[in-house]
Every structure is written in C-alpha cells, then in structure tokens.
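Chains as they are written, first to last, in this note's numbering: chain Z, 94 to 441; chain S, 94 to 441; chain R, 94 to 441.
Worth flagging that the hints you see were computed from the coordinates, not collected in a lab.
Please note that the accuracy of each hint is not assured.
Since copy identity is lost for identical chains, a pair holds within one copy or between any two.
In silico EDC-like pairs for lysine to aspartate or glutamate, Cα to Cα no more than 20 Å straight-line [what the hints assert, rightly or not]:
id, residue 1, residue 2
1, 287, 184
2, 124, 243
3, 269, 422
4, 124, 112
5, 124, 107
One-letter residues, chain by chain:
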Amino acid sequence: MADFAGRDLLSTLDWSPGELRALVDRALAIKAGREAPALAGKVGALLFFNPSVRTRVSCESALARFGGQGITIHPGSDTWNFESVDGAVMDGATQEHVRELAPVLSRLCHVVGIRKSELITVGSAAAPATGSYAELKRDPFLHAFRRFAEVPVINLESNAFHPMQGLADMATLVEKLGDPRGVKYVLTWAWHPKALPAATPHSQLLAACDLGMEVVSLRPEGWGLDPEVIAAGRARAEALGGSLVETDDVEGAYRGARIVCAKAWGGLGFYGRFEAETLAKGALRPRWIVDEEKMARTDDGLFLHCLPVRRNVVVSDGVLDSNRSAVIDEAENRLWTAAAVFAALLGA
Amino acid sequence: MADFAGRDLLSTLDWSPGELRALVDRALAIKAGREAPALAGKVGALLFFNPSVRTRVSCESALARFGGQGITIHPGSDTWNFESVDGAVMDGATQEHVRELAPVLSRLCHVVGIRKSELITVGSAAAPATGSYAELKRDPFLHAFRRFAEVPVINLESNAFHPMQGLADMATLVEKLGDPRGVKYVLTWAWHPKALPAATPHSQLLAACDLGMEVVSLRPEGWGLDPEVIAAGRARAEALGGSLVETDDVEGAYRGARIVCAKAWGGLGFYGRFEAETLAKGALRPRWIVDEEKMARTDDGLFLHCLPVRRNVVVSDGVLDSNRSAVIDEAENRLWTAAAVFAALLGA
Amino acid sequence: MADFAGRDLLSTLDWSPGELRALVDRALAIKAGREAPALAGKVGALLFFNPSVRTRVSCESALARFGGQGITIHPGSDTWNFESVDGAVMDGATQEHVRELAPVLSRLCHVVGIRKSELITVGSAAAPATGSYAELKRDPFLHAFRRFAEVPVINLESNAFHPMQGLADMATLVEKLGDPRGVKYVLTWAWHPKALPAATPHSQLLAACDLGMEVVSLRPEGWGLDPEVIAAGRARAEALGGSLVETDDVEGAYRGARIVCAKAWGGLGFYGRFEAETLAKGALRPRWIVDEEKMARTDDGLFLHCLPVRRNVVVSDGVLDSNRSAVIDEAENRLWTAAAVFAALLGA
Numbered sequence: 094m095a096d097f098a099g100r101d102l103l104s105t106l107d108w109s110p111g112e113l114r115a116l117v118d119r120a121l122a123i124k125a126g127r128e129a130p131a132l133a134g135k136v137g138a139l140l141f142f143n144p145s146v147r148t149r150v151s152c153e154s155a156l157a158r159f160g161g162q163g164i165t166i167h168p169g170s171d172t173w174n175f176e177s178v179d180g181a182v183m184d185g186a187t188q189e190h191v192r193e194l195a196p197v198l199s200r201l202c203h204v205v206g207i208r209k210s211e212l213i214t215v216g217s218a219a220a221p222a223t224g225s226y227a228e229l230k231r232d233p234f235l236h237a238f239r240r241f242a243e244v245p246v247i248n249l250e251s252n253a254f255h256p257m258q259g260l261a262d263m264a265t266l267v268e269k270l271g272d273p274r275g276v277k278y279v280l281t282w283a284w285h286p287k288a289l290p291a292a293t294p295h296s297q298l299l300a301a302c303d304l305g306m307e308v309v310s311l312r313p314e315g316w317g318l319d320p321e322v323i324a325a326g327r328a329r330a331e332a333l334g335g336s337l338v339e340t341d342d343v344e345g346a347y348r349g350a351r352i353v354c355a356k357a358w359g360g361l362g363f364y365g366r367f368e369a370e371t372l373a374k375g376a377l378r379p380r381w382i383v384d385e386e387k388m389a390r391t392d393d394g395l396f397l398h399c400l401p402v403r404r405n406v407v408v409s410d411g412v413l414d415s416n417r418s419a420v421i422d423e424a425e426n427r428l429w430t431a432a433a434v435f436a437a438l439l440g441a
Numbered sequence: 094m095a096d097f098a099g100r101d102l103l104s105t106l107d108w109s110p111g112e113l114r115a116l117v118d119r120a121l122a123i124k125a126g127r128e129a130p131a132l133a134g135k136v137g138a139l140l141f142f143n144p145s146v147r148t149r150v151s152c153e154s155a156l157a158r159f160g161g162q163g164i165t166i167h168p169g170s171d172t173w174n175f176e177s178v179d180g181a182v183m184d185g186a187t188q189e190h191v192r193e194l195a196p197v198l199s200r201l202c203h204v205v206g207i208r209k210s211e212l213i214t215v216g217s218a219a220a221p222a223t224g225s226y227a228e229l230k231r232d233p234f235l236h237a238f239r240r241f242a243e244v245p246v247i248n249l250e251s252n253a254f255h256p257m258q259g260l261a262d263m264a265t266l267v268e269k270l271g272d273p274r275g276v277k278y279v280l281t282w283a284w285h286p287k288a289l290p291a292a293t294p295h296s297q298l299l300a301a302c303d304l305g306m307e308v309v310s311l312r313p314e315g316w317g318l319d320p321e322v323i324a325a326g327r328a329r330a331e332a333l334g335g336s337l338v339e340t341d342d343v344e345g346a347y348r349g350a351r352i353v354c355a356k357a358w359g360g361l362g363f364y365g366r367f368e369a370e371t372l373a374k375g376a377l378r379p380r381w382i383v384d385e386e387k388m389a390r391t392d393d394g395l396f397l398h399c400l401p402v403r404r405n406v407v408v409s410d411g412v413l414d415s416n417r418s419a420v421i422d423e424a425e426n427r428l429w430t431a432a433a434v435f436a437a438l439l440g441a
Numbered sequence: 094m095a096d097f098a099g100r101d102l103l104s105t106l107d108w109s110p111g112e113l114r115a116l117v118d119r120a121l122a123i124k125a126g127r128e129a130p131a132l133a134g135k136v137g138a139l140l141f142f143n144p145s146v147r148t149r150v151s152c153e154s155a156l157a158r159f160g161g162q163g164i165t166i167h168p169g170s171d172t173w174n175f176e177s178v179d180g181a182v183m184d185g186a187t188q189e190h191v192r193e194l195a196p197v198l199s200r201l202c203h204v205v206g207i208r209k210s211e212l213i214t215v216g217s218a219a220a221p222a223t224g225s226y227a228e229l230k231r232d233p234f235l236h237a238f239r240r241f242a243e244v245p246v247i248n249l250e251s252n253a254f255h256p257m258q259g260l261a262d263m264a265t266l267v268e269k270l271g272d273p274r275g276v277k278y279v280l281t282w283a284w285h286p287k288a289l290p291a292a293t294p295h296s297q298l299l300a301a302c303d304l305g306m307e308v309v310s311l312r313p314e315g316w317g318l319d320p321e322v323i324a325a326g327r328a329r330a331e332a333l334g335g336s337l338v339e340t341d342d343v344e345g346a347y348r349g350a351r352i353v354c355a356k357a358w359g360g361l362g363f364y365g366r367f368e369a370e371t372l373a374k375g376a377l378r379p380r381w382i383v384d385e386e387k388m389a390r391t392d393d394g395l396f397l398h399c400l401p402v403r404r405n406v407v408v409s410d411g412v413l414d415s416n417r418s419a420v421i422d423e424a425e426n427r428l429w430t431a432a433a434v435f436a437a438l439l440g441a
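Just chain Z, same shape as in the assembly (with noise of 0.2 Å):
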C-alpha cells in the first residue's frame, strides 16, 4: 500500500478514489486476516461532541483488537467547552482554545478522531439554529482543529461528512459485488420525525461515485443534497466510468436497482426552519419508506443503511429482516475500515 502515513481523513473528496480504494482493499484484507496492523502502544483519543454507538465501538474495538487503545472524550459532561475562533477573548463560557487542545492531544495520543456536528440537533423544536448553513458546511472547529494538531485528525462525522462510513460502504459494495463499476446504486431520501445532518448521505453518495457506478440521487424534490457533494461526485463518477444523476421517480430509480441505500435528512431550504420542514414534508411519509414492493422492482438488490434506522418507518421489517438486507455486513466494516483507516495514517 502507499505510503499513508501522517495524512489525515476529513472528507474522502481530500483522497483519490485510488487511495480509498488501497485502504478499503487493506480493510478486505484485516477482515480476512491476511493482515494485522502493528497498533500495539498505540492511544487514539477520540471527541464526541454527539452520541454514538457504532463509531464509537468500531473505532475502540479496531485498537483494542491490535494492541492500541481509544480515549473516548465526551465534551461538555466530561469536560468543558471549547473555543475555535481566533482573536477570542475567552471571558465567556469557553474555556479552552483549539490552539491548544489540538496540539496538546497530538503531544499525548498518536491520533484524534473527532464527532462534531452542529446540525444534528435542529431536528428538535428545542434545538434552533446556531450559525447559517453555508457557515456549518465548513466545519470551524474540525478544520481549526486540524490546523493546530500535529498528528492525524479524523472526520468520525462532521456537518458536512462522515467518510468512516463511507469507507464502510465502499467495503461492503466492494464486498458484495466484486467489481461495483458500471453497477446501479441508489440512495434513497426516507422520511423521519427529525431533521437529520446531511454528512452521511453525502459520504455514502461519493462511495458510490468512488467505485464508478451508475448512481442515482433519489429524493422529493426540496431534499436534494449538497449541489457541491452533487458536482463533485457526480466529477469523480464520470472519470470512472461511471454517472450521478438526481431524480424524484421513485419507481424509475428502483428499476433495475442493485443496491438501495437509505437515509433520512433534513432539507437544506429548510434548515433552520424545523416546522415548515414538518408540514411539508407530511405527506411524503407513506410514498419514501423502503417496503418490499420498491425493492421488488430491483435487480434482486441489496438493502444497505447506515444504522441506527428506525424501523417501520425509514424502512419496513420485511426489507431488514430478509436475506436482502446487508446492514450487519455493512456495519460489521466499520470495524475493518477503522483498523485499517488507523493503519495506514500511522503508517503502521
């Protein structure tokens, strides 16, 4: 494999889909225990501003497995708050600067992984809106962070992406289609009761767009993704051989499909705005959950999610308790994608 190390993973647009695809080859190989990376004595320390519980795990379980060790942080109840904004004068509730949190956890663990997404919250009534949109997308205290440290810095879900997963993806399309180029892929919008971030969509979309495969957006109109993460995909897709294309059609986008990932978010019109996104989005409730009528119009497709999915209403127990469902697969290669995303930034 190429010589990885020191880099860091904030987007998988920072890395070549050739590069993904050597580190998700790495992963394949761990899994299959062709390969055990050299992470003995090495510590990750790992923020999570919001909850989890599959990045979490994954992330620990890949050190632990090989000798390292994760330093879980959850800011805000085991710590106290941070300040990312350069010139602040911090006589307010922030009590530590990036300036000196990332370069001090660089001084005392081998790398940082960090959850961090402000929009993750504004599906709830109680939760308003902090900052525009088009501020967020940028990600301030990921990149501050990532200025200021001095080992490698890990995006373990962002406003804007969560290329883990879409590792994770990447491996499991890899996985069960052996070569994914010119294959149909669609990722489908799902309705939910909140406003979820966009990060997840938009890394598993470019998973897609990274194996070259025909993919297709589909998604009410009103909910498309990120028009940048659209072009830029849809630039990778073509290079390989591949195509992005966005639609409403849901049946059209089913056809044929070999692979269904769903997901549900929060429009970007709406952000800020929870309760109008509510209303109008009501009644498209029966018309975008994934049943086995849809996935009866694919080519014998695949069901993929990233989890955790609220059943019965993003998709139906017949779709996730069939033999078409790859979510466990999918999850299970977090695990791999991890020890091997740790690997090579270490250069171990």
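The hints should help you fit chains S and R onto chain Z, whose structure is shown.
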C-alpha cells in the same frame, strides 16, 4: 474444564451446579496465578443502563489484565434509546432496535455484557413503576438482545438475576469453607430507605443452593423472594444433599450459621407502591440490621454483602470492621470470576 | 532509581526534592525512548469527581502506551455518591463508604488516581461553599481513601495540591533550563471570571522551590497562596540554596525572570464570598494579564501555564503564539511524568 465457548450467562439457573463449580475453580486458579487466560485482543462491549462500580471495574480489569479490553457504554447518556418490541413503528423516542444493536455489537466485539434493571429505580417516589413485575422479571430487553446476538451475552444484573455476583459468592464460599456442603448459610433481608430489586439476592441464594448448603432465606413476612426462584433453589440444593427454608425467625436463623449474607430488597407484593412499603417496613428497621449481637449467635459466622452497603443501616460498623467480615474478599472475587467467565465463554 | 514501589503521591511535599528529581529524570528517560516501563497488564482506576482533559488523557495514555489500562470513573454520573465520615448512619444520599470503596478498588486495580476538588466549583454564584476552607484543604475524602487503600494512591488534583502538574512543571524546567538552581522563576496570579482553587499553583510553586530556584510569588494583596504552602516551599527552596519571596510588584517581578508561570486562583480570604471577590478584583484585570509588554521585561523568559487557559484574559495571544511559550511542551510532560509515576509506584 469443559468447553463453555459460545455459551451465554444470563442466569446461573441455565448452568448446572457442576458447570458453575468448574467456573469457580478456574477463577480460583487464575487468582492463585496458576493460570492466565489468553484474552489478548479480546474486546467486550459492556452496556450499563444503570450505574456500576464493582461490576464495571471488575469486568474491565479482568479483560485488561490479560490483554483484552472492555468498552463501557452508558445508553441514554452516551447514546440514544433502544427498542426491543417486535414490529414497533419507531417514530417515537427509540432510535435503534435490538434486532440491529445485538448483531452489530456482536460483529464489533467478542462478547457483550448488559446491565439493565428497570426495577432498580422503583425505590424512589419519583420513579413510577413501568410495566408489571410479572412482565419485567422476564427481562424482555436482555432476552431480546440474546436472541439476536451472535456472540456470548453476559447478564451484568437484570430485573431477575445477577449471576456475576452469584459466581463471586460461590467462589468466596468455596475459598472460606473448603467444602460448603451441609454448612448453614443465612441470606437475611435488611431495612433500606429504597425498594431495591431482588436480582442480587436471587443469585446469591442460588449460589449457596448450588453448593449444597443448608440455606435459610430470612425475611419478614411480605418480603419473600420470588417463589419461582425459591422453588428452583430448593430443588437444586436438595439434589446436592442440602436444603432451603424460608423463615422470619431472626434468632433461630442466626443460631449456628457459618455464613450471614445481608441484602435489602423491595417486597414483591409492594411493587409499584413505594409509599405503602415505606410505611409498612418502618418498624422493621431496628430488628433487621446485622449487628454484633446477632452475629454472636452464629457459629463464628462470616459476614457477606455484595456492596455497596449502607453502614449502620444494613449492617453495623462493628460487624463490617471486624475480622468476621469477608466483604472485601467477596468483592475481589468479582474480578477473578469475571476473568473465568470471559475466558470460558470466549474459549480462551 | 530508588525503590518507590508502594508509595503514594498525594503531595510533592511528602517526597524529598531528590526523590522528585529521580521521578523527573525517569520521565525524561522514558520521553527520550531510553526506557520503557513494564506496565503490561497493569490497571489504574481513575476517579474524576471533576472534569478533566489533560490529566485523564495523560494518565490513560501513559498506561496504554506501555501495555496497561486506565479505567476512568465519573462518580455521580456513572455511579452513586460516596461517604467518608467515620460512623455515619448512611440512610441519606451517600450509598457507599470509602471504607469499602478504597479496599475494593485496591483489589480490582493496581493503583488508584483521584481528582476531587470541592473548591473547583466555588467560582460560580450557583455553587455555595461547602465546609470551611480550613477543613477542605485537609482533603478529607482523599486522605480517608488513602487510609483504607491497599495499593498506591495518586492525587489527580485535590483542594490543596496537584502533584502531577508539579512534576510536569519540574520536568519542563529541567528540560528547558538544564540546571535550574538559582534561576529566577515567577508564578503570577491572573484575573479570571471564576474563583479557581489554588491546588495547581501550590504544586507549581513547590516545583520551582524543589529545584532550588529564585522563586517569586507575584499576586495582588489579598490573593496570597496558602501561608503553610509558602512556608514549606521557602524552607525547601532555601535548603537547596534558592529562595521564595511574595510580592505585588509586577514590574519588579518580571524583570530578569527566565520563567513566567501564570495561574488564576480565588483569594483565600474571599472563600465562599464569590460576589465580594468578583467586585474586589474587577479593577485588577488589565494590570494582571500576561502580555508582550510584560514579557519584554524578562530575561528572554519562557511562558508556562498548566492549561486550559483563557486567551486574552489570563495571557495574550501574542505571548501564547510566540516562541517564548512552552505550554505545549509542559502539557506533553504530563504524559511522561505520569508514566514515570505509574512505573515508580508500581515497581515496574
């Protein structure tokens, strides 16, 4: 030792007395340094829905000493809420079904431990009863999790049982008594400001039964342990030449006892009626504390308690600080029995 | 190195300057890779009653790098409350006595670290004083725990001392100065919106004294450090040919200093009177910040701070971002001194 790889430990009732004794003997061998289980790289997910000191630290330490690692998760604070009802339409508070959680944690970790006791908080006026006792004693979450898990599941205290405490008590009885068969053992109820669940005394009582002791369940009328557990324990004790009797005769019970194990629990008949129980048990407080006077009636008896214990409420300082108290040794055995359980279930 | 196995580290005052220097030299040897302590399978329980980043991560990382593991416990959130008063009738809020907690954790783990500072929250209007300062500075919980513990106990910051920070500062002073004897060192008070406890500046001041430096305690009248600590530090400094003076002469103190260490703390005389202190110290803010103008008076002085630091409140961006700031190196030394302490106390 027989091959226990892949077994679950939800209740000691699922294991034969001989199998339990094999676990205990292995624990004492590990304690004596005659054996070091091969847990390197083994990862255990430890879900604590309720607070813990001994259980969490003993499990994490048992793994860590032999090269493994525990990942402690506090659902609700670190994560979201979980669903365990089949067919649920998950558009409410729960965000992940045990049908996903259990297989996913199974793929990420080698073993899963779960502490979930809805009954544990019923002791406060602020915590109303959720579900009926008859329903909760079936431990629906734990059993649903086990049903969908792909790796061994360990009960770290449920509504009904606390088998890890039971094993530690068995190890302590073997250590202190050599051959416990036919030796008089008293499990005494104690007054406590809360209505604690009976999971721990159930498993403690069964530990003595599974060693063929002369077991006395000492408690006021109205505070009897679950009749199903009493019946099961009696059958197991008698099969080994021992016995199990229930009584409220404090003087008679202590007389000649070699072991006095104290524990507070809420009366089954009072379940969900905290104020009524508080009123009813008020007068019992002075009579049911374990003190020097009562211990003087024993046959040089040893004092056991699972800890944490409320001093001068459940037991007097005089007893706890005397050389007749074995509570610290008992707590230490949590570590060695946990190591034996992990090793056995993982085939390590 | 002398054999420190089994020792406690509650305050650097319990150790001789020569012993502390041996710890520091070992820390620097570990940092240089000349030594790797044998911590495989060693487990440390780390009780944090107060939030932490550096202390927790440095301790966990020090153990993890060399094969051990830290188990971080947040009493109150992960657990119940603890009692430390002898003879208490525990029918109230506390559920476990330190007489059980300390020996039990000793049986489960090889070493125990404790952070418990009741004074830490006195800075907020919402947190009334609990107990008198004279009583709290004796650190009753920490000393009760040590009394009943069976393994080494490390103070991770109490009301009175923060010896782990003191050792990291000693290591930094040795690293930066070579031979610190007779070198001018200033510990300056700084304005801060809260009334922080003096544990850290106490141990930082003692670090300089224990290296035989010319130590200046610079603070406004009314904000002197604890007279007992001042007296002890002076005696130790003088025995090594150094000195300790207290002053409020800002210009004089900075002149010729080679080291300026800044820290905010609440005035002892104001203890429990937060509003009065806030009012009294308001005018001090501009004069007591560490800025480029003040640093220019030093002899090419280095800036130290324990972190976290409030930028442009305690110290200006200009100082922190200059090459005269050693705060990141100082924080890194938390790791290596923690490794040396664990190794020494565990005889590893």
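Right, here's what the structure says about each hint:
no. : hint      : in the structure
1   : 287 x 184 : between (35 Å within a copy, 9 Å between copies)
2   : 124 x 243 : between (30 Å within a copy, 17 Å between copies)
3   : 269 x 422 : within (10 Å within a copy, 48 Å between copies)
4   : 124 x 112 : within (19 Å within a copy, 34 Å between copies)
5   : 124 x 107 : neither (25 Å within a copy, 34 Å between copies)
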